[in-house]
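Enquirer: Just so we're aligned, residue 2 is where the sequence shown starts under my numbering, counting upward by one.
None of these hints come from the bench; they were simulated from the model.
Virtual Cβ for every residue (Gly too), placed ideally from N, Cα, C.
Now the in silico label distances, taken between C-beta atoms and shown as ranges:
1) Q11 to P103: 30 to 36 Å
2) D16 to S41: 19 to 25 Å
3) R101 to N127: 23 to 29 Å
4) S4 to E107: 18 to 24 Å
5) E128 to P106: 18 to 24 Å
6) S93 to A59: 15 to 21 Å
7) A83 to E129: 24 to 30 Å
8) R131 to Q11: 35 to 41 Å
9) E128 to E104: 20 to 26 Å
10) L15 to G124: 39 to 45 Å
11) D135 to D3: 28 to 34 Å
12) D16 to P60: 17 to 23 Å
13) A83 to G124: 17 to 23 Å
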Amino acid sequence: WDSAKAHYEQAVRLDTSFALAHRRLGTVLGWDALEFGRGSPQAAAHRLRAGALRAGLAPRESLLVTADSLFASMTDFTGDSASWRLIERLFSTLEYAARRYPEDPEVWNELGEARFHFGQCVGATNEETRLAFDARRPRSGSPPSAALLDGCPRRLRSRRSTRVCGTA
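With the sequences and hints as input, model every part of the structure.
Expert: Pasting the structure below:
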């Protein structure tokens, strides 16, 4: 991650309007901090910045940047109507992307991550979450969220779901 972080930081320094570099820097910082995949406030800031800069991107990239930006917005989820609209928009964006790009593993991974972290807010089941992760057919490994669908860490998911969605 260190070399990826250094290269994305350099890309952002060279072109502050490089949306895809902001997105990937947000991803690297998020995984580095390991806070439910969202990471540090800096990770969220880069994802939000990428969302603000998405105009002119190819449709697939625009959808993924939009989803990352919406996901980053959830760090301040308060349960008010605006927060629920963000969740609805996140899922509608990713579900549309999965229909438009059904063979794209990154799209399916993003949908799986959204379902893992916020799926209980919209009634997504563990099976639906697992199907999204399975659809991406990784060449090596699985994201930590996929592994957490089974066993003891489910308690952590329930606590997070209660905190974020107000449900267990």
